[in-house]
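> The primary structure of each chain is shown beneath.
Protein chains: 2
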Amino acid sequence: MDHALPAADALLAAFADAVGADGIRCDADSLRRYGADRAPLAAPAPLAIVLPADRDAVARALAVCHAHGLAVVPSGGRTGLSGGALAAKGEVVLATDRLRDVGPVDVVGRTIRVGAGVTNLELQQLLAPHGLQWPIDLASKGSATIGGNLATNAGGVRVLRYGHARRWVLGLEVVLADGSVLQLGGANEKDNTGLDLCGLFVGSEGVLGVITAATLKLTALPGPAEVALFALDDIAAALRLLAAARAAPATLSAFEVFDARSLAAVCSRRGWPAPFQETAPWYALCELEPAPGGDAAALEAWLAAVAMGEGVRAAALATDAAQRRAFWGYRESISECLAPDRPHKNDVCVPIAALGAFVEGLQRFDADDPGSILGIFGHLGDGNLHVNAQRARDAELFALVRRLGGSISAEHGIGLLKAPWIGLQHGAAELAAMRAVKAALDPRGLMNPGKMLAAEPSAI
Amino acid sequence: MDHALPAADALLAAFADAVGADGIRCDADSLRRYGADRAPLAAPAPLAIVLPADRDAVARALAVCHAHGLAVVPSGGRTGLSGGALAAKGEVVLATDRLRDVGPVDVVGRTIRVGAGVTNLELQQLLAPHGLQWPIDLASKGSATIGGNLATNAGGVRVLRYGHARRWVLGLEVVLADGSVLQLGGANEKDNTGLDLCGLFVGSEGVLGVITAATLKLTALPGPAEVALFALDDIAAALRLLAAARAAPATLSAFEVFDARSLAAVCSRRGWPAPFQETAPWYALCELEPAPGGDAAALEAWLAAVAMGEGVRAAALATDAAQRRAFWGYRESISECLAPDRPHKNDVCVPIAALGAFVEGLQRFDADDPGSILGIFGHLGDGNLHVNAQRARDAELFALVRRLGGSISAEHGIGLLKAPWIGLQHGAAELAAMRAVKAALDPRGLMNPGKMLAAEPSAI
Numbered sequence: 035m036d037h038a039l040p041a042a043d044a045l046l047a048a049f050a051d052a053v054g055a056d057g058i059r060c061d062a063d064s065l066r067r068y069g070a071d072r073a074p075l076a077a078p079a080p081l082a083i084v085l086p087a088d089r090d091a092v093a094r095a096l097a098v099c100h101a102h103g104l105a106v107v108p109s110g111g112r113t114g115l116s117g118g119a120l121a122a123k124g125e126v127v128l129a130t131d132r133l134r135d136v137g138p139v140d141v142v143g144r145t146i147r148v149g150a151g152v153t154n155l156e157l158q159q160l161l162a163p164h165g166l167q168w169p170i171d172l173a174s175k176g177s178a179t180i181g182g183n184l185a186t187n188a189g190g191v192r193v194l195r196y197g198h199a200r201r202w203v204l205g206l207e208v209v210l211a212d213g214s215v216l217q218l219g220g221a222n223e224k225d226n227t228g229l230d231l232c233g234l235f236v237g238s239e240g241v242l243g244v245i246t247a248a249t250l251k252l253t254a255l256p257g258p259a260e261v262a263l264f265a266l267d268d269i270a271a272a273l274r275l276l277a278a279a280r281a282a283p284a285t286l287s288a289f290e291v292f293d294a295r296s297l298a299a300v301c302s303r304r305g306w307p308a309p310f311q312e313t314a315p316w317y318a319l320c321e322l323e324p325a326p327g328g329d330a331a332a333l334e335a336w337l338a339a340v341a342m343g344e345g346v347r348a349a350a351l352a353t354d355a356a357q358r359r360a361f362w363g364y365r366e367s368i369s370e371c372l373a374p375d376r377p378h379k380n381d382v383c384v385p386i387a388a389l390g391a392f393v394e395g396l397q398r399f400d401a402d403d404p405g406s407i408l409g410i411f412g413h414l415g416d417g418n419l420h421v422n423a424q425r426a427r428d429a430e431l432f433a434l435v436r437r438l439g440g441s442i443s444a445e446h447g448i449g450l451l452k453a454p455w456i457g458l459q460h461g462a463a464e465l466a467a468m469r470a471v472k473a474a475l476d477p478r479g480l481m482n483p484g485k486m487l488a489a490e491p492s493a494i
Numbered sequence: 035m036d037h038a039l040p041a042a043d044a045l046l047a048a049f050a051d052a053v054g055a056d057g058i059r060c061d062a063d064s065l066r067r068y069g070a071d072r073a074p075l076a077a078p079a080p081l082a083i084v085l086p087a088d089r090d091a092v093a094r095a096l097a098v099c100h101a102h103g104l105a106v107v108p109s110g111g112r113t114g115l116s117g118g119a120l121a122a123k124g125e126v127v128l129a130t131d132r133l134r135d136v137g138p139v140d141v142v143g144r145t146i147r148v149g150a151g152v153t154n155l156e157l158q159q160l161l162a163p164h165g166l167q168w169p170i171d172l173a174s175k176g177s178a179t180i181g182g183n184l185a186t187n188a189g190g191v192r193v194l195r196y197g198h199a200r201r202w203v204l205g206l207e208v209v210l211a212d213g214s215v216l217q218l219g220g221a222n223e224k225d226n227t228g229l230d231l232c233g234l235f236v237g238s239e240g241v242l243g244v245i246t247a248a249t250l251k252l253t254a255l256p257g258p259a260e261v262a263l264f265a266l267d268d269i270a271a272a273l274r275l276l277a278a279a280r281a282a283p284a285t286l287s288a289f290e291v292f293d294a295r296s297l298a299a300v301c302s303r304r305g306w307p308a309p310f311q312e313t314a315p316w317y318a319l320c321e322l323e324p325a326p327g328g329d330a331a332a333l334e335a336w337l338a339a340v341a342m343g344e345g346v347r348a349a350a351l352a353t354d355a356a357q358r359r360a361f362w363g364y365r366e367s368i369s370e371c372l373a374p375d376r377p378h379k380n381d382v383c384v385p386i387a388a389l390g391a392f393v394e395g396l397q398r399f400d401a402d403d404p405g406s407i408l409g410i411f412g413h414l415g416d417g418n419l420h421v422n423a424q425r426a427r428d429a430e431l432f433a434l435v436r437r438l439g440g441s442i443s444a445e446h447g448i449g450l451l452k453a454p455w456i457g458l459q460h461g462a463a464e465l466a467a468m469r470a471v472k473a474a475l476d477p478r479g480l481m482n483p484g485k486m487l488a489a490e491p492s493a494i
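Going down the list, the sequences are from chains H and L. Numbered per the numbering used here, the first sequence spans residues 35 to 494. Numbered per the numbering used here, the second sequence spans residues 35 to 494.
To be clear, the hints were calculated from the coordinates, so they are not data collected in a lab. Every residue, glycine too, gets a C-beta built ideally from N, C-alpha and C. Mixed in with the good hints there might be a few duds.
Quick look at which bits of chain L chain H covers, simulated, 3 or more residues with Cβ under 8 Å [as the list claims (entries may be wrong)]:
id : segment
1  : 64-78
2  : 137-148
3  : 219-231
4  : 350-360
5  : 434-446
For reference, chain H alone in the conformation it holds in the complex (with noise of 0.2 Å):
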């Protein structure tokens, strides 16, 4: 900080100046809540929150920011599990709450703008009775938003069908550390303009700049979805039956696993019945959309062909809405069921052609020292996998990744959890080059210092 910091009293009045005396919090409460997202990697102390109504007094909160030398936290929904909205070091935390604007839905276009600070829900919510859906579908979707869900380039259960949230955006609406409003892309589907710095923005975790508005691409609602539960040998017949499905006479939409420890803590937790009799060491549940006009009686043809399959023990095709949501309920309550036990979930992807090798490796941990990994299961169908292991274990995970041609974090960012591992991933003239676009955009380093770039210079 090459600033010294003024008086509390002055700053405030600046602040109240910028977003209004109503869009402060100082408060314990407000510094505890708005200063940390899921990741609890360190206490939450904030210098202040700003919560401004609209992007004008975003740049108004940024550019005094800017003129004291303050690092700023962008904060959305605070559901990320990486620590990225962390603010422990005093800095001023910049709440996209207030964003909420909701521009007319276009049919036609299949496009909406939004505020940063709408969520998922609201989202799915005014979409759904034009028969529409902005496909990015995560389990926090009443909290999670728009603004983050770009910021952190989220995936979630359908990457599979509809990919990460780079893929459904057509424009940002972005605030730089000085102020400065960029309006990157519009509502085209097409626009080969200049450096697509609207992508550069995805995914950038609040290093460069505030996203505080999209333009959203959208898409038709799917037709109901047929899910079955497979239980198999091992993971290669997993891949085998993932190979099968893609072949199937519907859409693939989602291709998830869980081992059998998975399922323990699941049912245990839960006090549900395992779905099938007899327990099996790995798990695949499969979502396909009959096609439009497709045929009932093929698809059920095709289950009762891969059933028969190698290494495959038992399938069940799910009869009615109860079935389905209780097949889902076994995958989706991992997270929370493995938490209690040893909350640390490491969220990494390993090339398809790699998830043997790479489960071979995690099992050899554990023969090692029985215990240390607690559960595997995740989206199979693009090579994530999530590893419920101790902390101690990280490195060795991480190295076994990277032999494999993997990513260290394959949807939650890099945040403040793996700064220290980014070197893992990239090499010094990656890391270089991602610094220097990063002061490109912001030159004192001020926007959400010791974040992903860890090492960066200008970092606090």
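Given the coordinates of chain H, assemble chain L onto it according to the supplied hints.
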């Protein structure tokens, strides 16, 4: 330039060290051939052509250019339509022809790593036996290279179904102006670690560095598609048809339109019969992939229903492969058949909701000054129309596009052709941010100067 040009002999010796003597061309024919793409904006006049045989040779060649302050024009298949690969000011052309390494097809993971110099057609032929494709399909596929596709974020006729090139790349190898090599991304479907420089380089038109290899995401080859042709009253009827086509019992994979003038040019130059007995103001081509296990009768019933729709004068479903090719032939021949009259095709995009107003605006041009618009055609499903117009009307055309919130270049990029107009698309703050990002990666402004970000201070 802050360096005096070295003596030609010394420079050639340095390039010979970098890429081998057989990797340099200075003969008049090569200078002409490698010095321009398909936009005849100026006479090609490069200093020399270098053809490195591998990534390290690219790095050495760029280091030579950097040391001597020489501007570099990266060059792929030179099929671009915006002059992005034109070298008219003594630049060094760095051609990727020899970067032709191809990795194994990962059939399970659906990825492949290829050198930048591989053509779309070669890749297509390599993947087809595996039932896979890289779904960027271009009329120029025999010459266009993967590196060029990525540098321009190519689209093509199936953007509606598959999106642009950016969506189908998982990793890039690039060499920066100073010769440093970046490995961006990898073979992972999901990777939220750091800034998305991979996506930033896609569509960067050679102003940030040279793409030398890419790890591409693949998808299944589609089954045979149905092709229907419609004669329509007006663009409003085409938009209603688009909405109906999205709800067809099949996957809409292309929705193209062309006006009566475009069709007349094709029929007259090619000597083809008109598709319908009576002419109509507008035509639409609709390609539909029947769902796996889908029902042919359902599709025919859908077609019969839409053929009765308001503004639909006639409809025909192709009965065999030859007729499907014939229907596509009308659309794909337009560009070539209009070119002899007035070879100036503008590639613009407006939000789909604004297409009606856009076509109305164009018709007003023509009413004011008959003959100023030669033909309107394009990818209606993407809001992307090509307008063959008098160059003198560019300013009005772009102003109309921007009034409607559109993009002055949907697919073809900015290059040299539209560099003078980029200020219409982006404001001062946005251009300053793009130039700052370019300067961060190419501080001396040696990469493709004068293109895209035109008036950048560092351009020669």
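> Each hint needs a verdict: does it hold in this structure or not?
Now for the hints, and whether the structure bears them out:
no. : hint    : result
1   : 64-78   : violated (count 0)
2   : 137-148 : holds (count 5)
3   : 219-231 : holds (count 12)
4   : 350-360 : violated (count 0)
5   : 434-446 : holds (count 8)
Hints 1, 4 from the list above are not met by this structure, while the remaining hints are.
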